[in-house]
Structure formats: structure tokens, C-alpha cells
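Undergrad: Produce the entire structure from the sequences given, and follow the hints as far as they go.
2 protein chains.
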Amino acid sequence: MALIVQKYGGTSVGTAERIKAVADKVAGFRNNGDDVVVVVSAMSGETNRLAELAHSIMERPIPREMDVLLSTGEQVTIALLSMALEKRGCSARSFTGGQVRILTDGTHTKARIRDIDSARIHAQIELGNVVVVAGFQGVDDNSNITTLGRGGSDTTAVALAAALEADECQIYTDVKGVYTTDPRVVKDAKLLNSVTFEEMLELASLGAKVLQIRAVEFAGKYKVPLRVLSSFEEGDGTLISLEEDTKMEDPAIAGVAFQRDEAKLTVSGVPDLPGIAYKVIGPVSESGIEVDVIVQNAAADGTNDITFTVKRGESDKAKEILDEVADSLGTAEVILDKKICKVSIVGVGMRSHAGIASRMFKALADEGINIQLITTSEIKISIVIEEKYLELAVRALHSAFDLGDPDYEKKPE
Amino acid sequence: MALIVQKYGGTSVGTAERIKAVADKVAGFRNNGDDVVVVVSAMSGETNRLAELAHSIMERPIPREMDVLLSTGEQVTIALLSMALEKRGCSARSFTGGQVRILTDGTHTKARIRDIDSARIHAQIELGNVVVVAGFQGVDDNSNITTLGRGGSDTTAVALAAALEADECQIYTDVKGVYTTDPRVVKDAKLLNSVTFEEMLELASLGAKVLQIRAVEFAGKYKVPLRVLSSFEEGDGTLISLEEDTKMEDPAIAGVAFQRDEAKLTVSGVPDLPGIAYKVIGPVSESGIEVDVIVQNAAADGTNDITFTVKRGESDKAKEILDEVADSLGTAEVILDKKICKVSIVGVGMRSHAGIASRMFKALADEGINIQLITTSEIKISIVIEEKYLELAVRALHSAFDLGDPDYEKKPE
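In order, the protein sequences belong to chains A and B. Count the first sequence with the numbering used here and you get residues 212 to 624, in order. Count the second sequence with the numbering used here and you get residues 212 to 624, in order.
Note that these hints are calculated values from the structure, not bench results. There may be inaccurate statements among the hints.
To be verified - Partner residues are not named here, just some residues of chain A that face chain B (Cβ under 7 Å, in silico):
1. 267
2. 273
3. 290
4. 302
5. 432
What the hints assert, rightly or not - Straight-line distance between alpha carbons at most 27 Å, and here's what the computed DSS-like set of lysine-lysine pairs gives:
6. B:434 - B:236
7. A:298 - B:321
8. A:321 - B:298
9. A:398 - A:434
10. B:530 - B:573
11. A:398 - A:528
Cβ coordinates follow ideal geometry from the N, Cα and C atoms, glycine included.
TA: Here it is as C-alpha cells:
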């Protein structure tokens, strides 16, 4: 008998039929003897419908009232799911964020959870009830309704699991779990039984958008075992755990991540002086543009090249800012390249295994792919290459690190 | 400078455009220097949409969860109206029933208000804010969400007006106020400047469905001046007051009410014994059928006739029950007549004016209308007649008591 917190997203509860299917799943856990706390999102489409209503009233809706409005989406789902559970003989009680009570700061539309009063939920569990909680929402000190921002239901689930000291937090989604890479690019991409929190953070931020990154950070911080699995298909999904999976024969690499929509900016010939990197990057990030990879290299002539990547959609704006910076530095050219992509290999195992980088670079060399930039961290090596080589590079790396699913050939198409 | 509580129903806030129109109206009062508390219903259609969702999950939805579900309807409206007010430079704050806090008993789907904590609203008024409150909802002692049942937003408005000691409670609806009778039946029906609470209660229960009867009772009990007026047209509407309007020249009759969908049941030849009325009516009302008019008359042979009216839709069921009762009494016939209607004249003035009844009966006799039943109360005389005479009877009475609008002929068609 375990205490499990489950989270079902908007697609999983998108229709009355799907809500019934979720109720079947939850009832199955109850019948197994588990205690279950369920966190749900708004039915898919509902949040957009409400937001459109607000925008038809005013262009930039008041954040406080936006939270009052949007929080109704999850409230509808908790009521319907509780009914569906009761219908299955599974006694259930719904709670809004305010009722639980999930206390947040007062930053409307992107509040952060401060505290959860777990007593009310524990009392309901004692009574044998499934507790159904509205995700994404809370209340501030003055009982004003707040929301955690889009995708915040994952965070609600993890925070509840931490507060309740649950045995596991299960995030149900429309994929079966975390794969070694995107199965649309590499056909034999393998579902991972487990990854570490650190790996998940790198994989998530690099584009495998299975989980909200805030939820993963939260789970890591509070040591909540997190599992990603499918609402629609059977399977154990992927466990995101604190410990490395020592059973794996080759633990070096967990997966290959990639990012398509980046652009590269190089400021060349800047003077080799203290504070120069800040002078270049500072104005860009102050204008609200998110900077990803940053690489600086000294040239032979005593000047520096600073290269970094930004979202492709923001690259023209960044170029304008940098042109001004270059003028003020009285030097240097700014070069923008939009036809690039980033590919990374991620794995906690690379800490203790030498030769990972050279194996990576050899695989790319064998395919004739030129590497434009390299950056490394403890558990990740990222490269920037020409965009047209993306699929080729990902497949080459996936194969070079033996990540393929050995059962793939046996599967029916 | 007055403190006004205003209530806008579902039709008045049915679209974003109508919400903007309500905001214009409220802003007008603010600009006049009045303090305003606004109570709103769910946008028209929304409550039905949510109820259908619930019924697609289970035939008889759990009342507690139904309240969680339906209360979202008003929550959406308060957020949108507050935004619309802010857009007009009129600072506003929305509050759910739980936030206000409107404390109710725990009877889900038809809770009764016990107490209102007016401190939070007063504080907002002090800050110069329009306070927008979700109608129809509250919370019980354990912070469970409750609803007051359909039309409960009127009750919320009156209860708030009482708690805040407001100068007036204005109920905005889709009619201009209370008329002397239904303008669809009598073309020159006149808008009443004022009626008393007692008259309004009789008029409301007799079919002039302008106001929820519970709200009128509440307003009378707490001496809250109540005004019914149109959201869509200009005008002062009808004031429902504690005092008789002594300015009216002929205060005898306030209006003519009628009810179409009734049926008459007569149990004839029952023994003239104590407790016999209970034996006849008891089983009918215990089965949940609402009994309206009851008349008993002694026949010459020492037996009694008991006649009463019920909703036409429930009359066959009532007949079945009465057939069994008649069998057990070993007597008497049960006669069901579905082709009847009820017409009433209402007015506090009839207490002190003799001759009202005879004037009524003469008007009907002049039109050759046979009266089947007569009942009277202090401020009302009701008759049951054949259904086909309804319009004729209403027009005759409206005219006999000089209720017509003298300005009617001058109005454009």
C-alpha cells in the first residue's frame, strides 16, 4: 500500500469520455490498496477559451482577475472527475487550490508555491477518499486566487507529493515516457526505464518537453520520486530518480537531445579586456532575450571572439543590439547565422567515463559533419552544427552510444 | 452618495458585449458618486452547459461536486466584469462566495445563507473599489463550496444589501419592472412605480416571475428596499417597499396575476369527519406533489367535497394516489379537470376597502364567465375558471379596477 500523487494533463481529461478513462485508472490503483491524490489540469481548450473571453474584454487583462477566471478551468475538471470516481464506487472529494490550501506568493499569473497545508488532505485519505486537487492554482496570504502559470499543474503535483511525503509522483501525459531521443528522428529510440533528475533537467531544457522544468527542479530538491507515463497506453513509463541506474551496462549516455530553432551570433575582434563578455552579453539579456550557449575563444592577435546562441525568432533583435555594441567598442564584426542547430548528449555517467567526447566527435567526423561550437558541462556535451545535418547527427550519435532499442526490429510497424 | 447593491442576471451578462454594457452602467453610478457592490450570475447558457457535462458523467451527479462545478459559472463572470470595469477606469475587485465570505448551511445545491462577513467588502469600498461578487454561491462551515439553487443570485444580492445596510438593492432583469398584469395578455398593462413586499410575494408566486420569491421574503424580513429594473432599457423600474403607496388614488388593487398550467382535482362525497382533509391531501403532498389552492365545502347530505389544484404535469399522478384514497374511504368519486386556470387580484388596499370581491365577481359575470372555485386571503382573491376564458377574465378585471396605463394610447406601436 503506497501513497501516490497522480497528475493528468489537459489532453488526458479533454472530454467526458477521457475523464471516465482516468477514473478507471485511478479506481484500479485504489482497488490495489493504494491511496491516491489526483491533480488535474483544465480540459484541453478550456484555458484558451477563457483567455479569449478575457481578451475580448480588454487587450491586457488585469492579472488578478485573469487568475480568478482561468482557475475555473481546473475547478470544472475536479468536480467531473470526482463524480466519475463516485460513479465507480470509489469515494472521492474535490478541492480547489484555495481549499487545500496551497499558499503562494502574490505574483498573479506566475505565482510560486510557498506552503501546503497537508492536514486536510491527510484527513480525507484517512477517511478512505481519493482526493482530487485542482492543479495550477493557489491562494496568497489575503486569500486572493493565484495561478502558477502554464504547465503549473506538474508543479502542483510535485509540491503535493513533497508535502504529503508520497511514495511516488506520477505525471500522466500523451507520451509513454522519456526516450533516448525523439522517436520521430530516430526510429529505434528507446524508452528509458529511469533517468536521474540532473539528466532530466538537461533533456527537458534541451527540448524533450515531457515535463515542466520547474516541476523537475522541485522534485529533485524535495527528493520526490517522479514517474512519467502515458494516460492512454499501458506501461511503467520512466522513473526520474535520485540515483544512477547501476544496472545499466553502459551508463555513460542517457539520451541525445537537440534544438532546432536557434541562431548563432558571433562578435569577432573584441579587445581582450576584463568585463568585455559582460559588455557584449549584458545588453542582449537585459532586453529580455534569452541567451543559451556562450563560447569565448582567444584569437592569436590578442582579440577575442565571443559566440552565443539565441532563439531564432529573437536573433534579428539581438543582431541590432550587438551592432550598436560593436560600434561603441570601435571594433569588430557581428555575424548572424540562422541555419544552425544544437545537438547534445546527456548522461551522469560521463563524469566517470573518459573518452565520451572523443567518441562523440569521431561519430560526427565519420559522417563528415563539421562542428562549429562545442560546450561541455559535467553531464552534457553540446555542439552547434549546420542545421541540415541535424537528423544525421542525432542518428549517428544515438547509434555510436548504442542507445537503440534492441527489440525495435521485432515490433510491428 | 448612496451604497447600492446591484444584481445582473445571466441574460444581462450573456456575452462579452453585454458585460461591457453592464460595466458602462455601473461606471455611471460610480461617476455619480455612489458606492456599488455588483452581484452577477453565470453567463446565460453556461450553467446548462456545465450541468450537461455533469450528466454525461453520471445520471444523478453528486450534489457536493455539482456545487464545485456550477459555481465556476459565476466566477467567470466576476472576473470578466471586473476587467471591463478596470478598462473603464473604474477600479474593481472580484470575490467568490467563499472569499466574501458568504456562510451557508451544508445543504448542497440548495443551501441557505447563514451569515455574511461584510468586513472585507466594506474595506474594499473604503478603498474606492467596485466590489463584484459571485451570486448563487457560498461556503459551509468546512469551506465546502455550496450553491443556493437556481435563481439564488437574487438572494445573494438581497442578503448582501442587508449585511451592508445598503440604501437600495437593484435587481436588473430583462423586463422594465413589475406590471399590473402580463403585457402579452393586456396591452395597456401598466408598469407599477411601487408595490409592497406582500403584494410582490403574491404576484411572484402567482406567476409574474420577475423575482425569486426567496429574495423577496428575505428583503421584506430585513427591510431592504428592493428595485426591479431593466438592464437594457432606461427607467426607474418598480420599487418594492415596506409601505403602501399612499399617493395612488385607488390603492385597492396592485395587479392581476394568473396561472395557466394547473389542474383541478375534486374528491366528492367524503365523510364529514375530523381529520378527513388530512387523509385526502396528506398522501398527495407526501409524494412530493405541490398542492396550490385548497377548498372544502360541506354538501347538504352530510358529506364533503374537497377540491384542490396541482401543477398540470403532476395531476395524473395525483389522480392515481387519490383513487386509492377514495377506495380506502369506501366512498366517493375523484374528478380530474385539466382545462382550468387560476386568476387572482392582489392588493394590500383590499384590507380596508369593502366591495372588492363583488366588483371582481360582477366583472366576470358581465362577461358570462362561470367561477368554479373561490379562495381569498387578506390581500388576494383567487378564482378558478375554465382555461379558455383566461385572457378575457384578465382583461375584464384589469379594466374593472382601472389598472390600464392612461398613456398607452399615446405610445408608438
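Undergrad: Work down the list of hints and note, for each, if the structure agrees.
TA: Structure-based check of all given hints:
The beta carbon of residue 267 of chain A is positioned within 7 Å of a beta carbon in chain B (closest approach about 4 Å), and the interface hint is therefore held. Against a cut-off of 7 Å between C-beta atoms, the interface hint on residue 273 of chain A holds, since the closest Cβ of chain B lies about 5 Å away. Using the Cβ-Cβ criterion of 7 Å, the hint placing residue 290 of chain A at the interface with chain B is satisfied: the shortest such distance is roughly 4 Å. Violation of the interface hint for residue 302 of chain A is found here, the shortest Cβ-Cβ separation to chain B being roughly 10 Å, above the 7 Å cut-off.
Evaluation of the residue 432 of chain A hint against chain B yields a violated restraint, the C-beta minimum of about 30 Å exceeding 7 Å. Distance hint between residue 434 of chain B and residue 236 of chain B is fulfilled; the C-alpha atoms sit about 26 Å from each other, no more than 27 Å. Proximity of residue 298 of chain A to residue 321 of chain B is assessed by CA-CA distance (about 22 Å); at most 27 Å being required, the pair is judged to hold. Distance hint between residue 321 of chain A and residue 298 of chain B is fulfilled; the C-alpha atoms sit about 22 Å from each other, no more than 27 Å.
The suggested pairing of residue 398 of chain A with residue 434 of chain A is violated, with an alpha-carbon distance near 33 Å, which exceeds 27 Å. For the given pair, residue 530 of chain B sits about 33 Å from residue 573 of chain B by alpha-carbon distance, which is inconsistent with the 27 Å threshold. With a C-alpha separation of about 37 Å, the suggested pair residue 398 of chain A and residue 528 of chain A falls outside the 27 Å cut-off, and the hint is violated.
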